[in-house]
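**Q** Sequence:
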Amino acid sequence: MSERKAFGLSRRTTAVLLFAVFTAAVGYGVVLPVLPHVVETLSPSASARNIGWHTGFLAAVYAGAPLLFAPVWGWVSDRYGRRPVLLAGLVGFGATLAVTALGSNLQWLYGGRFLNGAFAAAILPAAQAFVGDSAVSDTWRAQRFAWLGMASIAGFFIGPMLGGVVFQVGSAISGKMPAAQFLTLPFLFSAGLAFIGAIGIAGLDRGPARPAPPPTRDKDHRRPATVAHLLTLAGFVALGITAFEVGLALRGRALGMTPYQVGIMFAECSLVMFAVQALVFSPLVAPSSTAKLILPAFAVMGAGLLLVAYAEAFAAQLIVVGTVAAGAGVLIPVLTYWISLGAGDAQGAELGRKAAVESFGQALGSAGVGYISAVDAAPYLQFLLPAVLVLAAAAASLNLARHLSGRLTVE
Numbered sequence: 093m094s095e096r097k098a099f100g101l102s103r104r105t106t107a108v109l110l111f112a113v114f115t116a117a118v119g120y121g122v123v124l125p126v127l128p129h130v131v132e133t134l135s136p137s138a139s140a141r142n143i144g145w146h147t148g149f150l151a152a153v154y155a156g157a158p159l160l161f162a163p164v165w166g167w168v169s170d171r172y173g174r175r176p177v178l179l180a181g182l183v184g185f186g187a188t189l190a191v192t193a194l195g196s197n198l199q200w201l202y203g204g205r206f207l208n209g210a211f212a213a214a215i216l217p218a219a220q221a222f223v224g225d226s227a228v229s230d231t232w233r234a235q236r237f238a239w240l241g242m243a244s245i246a247g248f249f250i251g252p253m254l255g256g257v258v259f260q261v262g263s264a265i266s267g268k269m270p271a272a273q274f275l276t277l278p279f280l281f282s283a284g285l286a287f288i289g290a291i292g293i294a295g296l297d298r299g300p301a302r303p304a305p306p307p308t309r310d311k312d313h314r315r316p317a318t319v320a321h322l323l324t325l326a327g328f329v330a331l332g333i334t335a336f337e338v339g340l341a342l343r344g345r346a347l348g349m350t351p352y353q354v355g356i357m358f359a360e361c362s363l364v365m366f367a368v369q370a371l372v373f374s375p376l377v378a379p380s381s382t383a384k385l386i387l388p389a390f391a392v393m394g395a396g397l398l399l400v401a402y403a404e405a406f407a408a409q410l411i412v413v414g415t416v417a418a419g420a421g422v423l424i425p426v427l428t429y430w431i432s433l434g435a436g437d438a439q440g441a442e443l444g445r446k447a448a449v450e451s452f453g454q455a456l457g458s459a460g461v462g463y464i465s466a467v468d469a470a471p472y473l474q475f476l477l478p479a480v481l482v483l484a485a486a487a488a489s490l491n492l493a494r495h496l497s498g499r500l501t502v503e
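In the working numbering, each number is its position in the sequence shown, counted from 1, plus 92.
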């Protein structure tokens, strides 16, 4: 029996997929702590409100691109295979990151971030579908999805830390705000990672042109209404966590925190999510019972968002950041697992729709924070409004666990 048949995926293939997902996350997270300063460098005459507006909308442009492209990438991967889509995504992502680093004005930066997001949209859904195609059991599927989630979180951890460190080093060298070349280094670093990931994908076996459906699933288990419900909830999670991330960068600036301190908060967020995901799909928790975690996780995340607006001390910020991260860290892999379980042989299409819904939530959250940042009550509204929406999602999850356990067959 081959390694693929015995274990679903070879160790080499698993490592390459994890690295690809890690690369995409680095490319997003690397710019968050320094984005307001990049805007200020490219537009020195911009007011503080305009900097906040551009910060939110630049994040929205990146996050919104998958809304258009993720479903297309998913369909292409269902039809032609996961490997070509992963390869195109990584090469395009690396090339557009390098081009973005050469930008000399805000228009270039907006265009570059849109293209970054368009190619990044191919990577995570195709990697998840690759795992879904190869699942030999629900426990195997759950663990590999957790690994992909942890790889993504590791990228978010490295990215913001890298951005904050580059800013700090540039400031120390120049004695003031670092020159533009210091701020472009994270883009070039991420581009290099993407090209390395593409080399790894190119070395994999091509596999079948159209992936076979998972061997353990029965067509009777597919419930479009349930999957649609889960997709909607995934959008609320994306909106909440993105509004939180962008708002945190602006909030830290308003409270006089350095980019290094903001980077520390992002790092804490990533570490908490990493630990929580490792626990959720560990041998201690049966995959079939994870649906029961959806409601309390939404409640915890919403409570954290309510409190972050009122936490001004750095230590207090760290506490509420951990709360939000814990809730999101449970929700992201659990929703992905149950969506994949309900996707049947349309893994690419459903996970592409998930990426599109999440991108819509990310774009809405980013743009909303950018818009609200011009309002005097912004320190409160930019967190309170997402908190209300997340708590509304909690209310919409009241009977979800029973519905999933009753209508989706789990091994």
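It is possible that part of the hints are untrue.
[Claimed, not checked] Label pairs and their in silico Cβ distance ranges:
1) TYR472 with TYR172: 30 to 36 Å
2) VAL191 with HIS495: 32 to 38 Å
3) VAL228 with SER135: 49 to 55 Å
4) ALA484 with LEU280: 23 to 29 Å
5) LEU376 with TRP200: 34 to 40 Å
6) LEU194 with SER374: 42 to 48 Å
7) ALA320 with LEU376: 29 to 35 Å
8) THR324 with ALA370: 44 to 50 Å
9) SER102 with LEU363: 28 to 34 Å
10) ALA367 with THR324: 44 to 50 Å
Honestly, the hints are just simulated from the structure, not real lab data. Yeah, the Cβ is synthetic: ideal placement off N, Cα and C, and Gly gets one too.
**Q** Evaluate each hint against the coordinates.
**A** Tested hints:
1. TYR472 with TYR172: 30 to 36 Å: About 48 Å separates the Cβ atoms of TYR472 and TYR172, which means 30 to 36 Å is violated.
2. VAL191 with HIS495: 32 to 38 Å: violated, 46 Å
3. VAL228 with SER135: 49 to 55 Å: Since VAL228 and SER135 have Cβ atoms about 53 Å apart, the given range 49 to 55 Å holds.
4. ALA484 with LEU280: 23 to 29 Å: Violated, since ALA484 and LEU280 (Cβ atoms, about 41 Å apart) do not stay within the stated range.
5. LEU376 with TRP200: 34 to 40 Å: Given about 49 Å between the Cβ atoms, the range is violated.
6. LEU194 with SER374: 42 to 48 Å: About 44 Å separates the Cβ atoms of LEU194 and SER374, which means 42 to 48 Å holds.
7. ALA320 with LEU376: 29 to 35 Å: holds, 31 Å
8. THR324 with ALA370: 44 to 50 Å: Roughly 27 Å apart at Cβ, these two residues miss the hinted range, so it is violated.
9. SER102 with LEU363: 28 to 34 Å: Holds, at about 29 Å.
10. ALA367 with THR324: 44 to 50 Å: Since ALA367 and THR324 have Cβ atoms about 27 Å apart, the given range 44 to 50 Å is violated.
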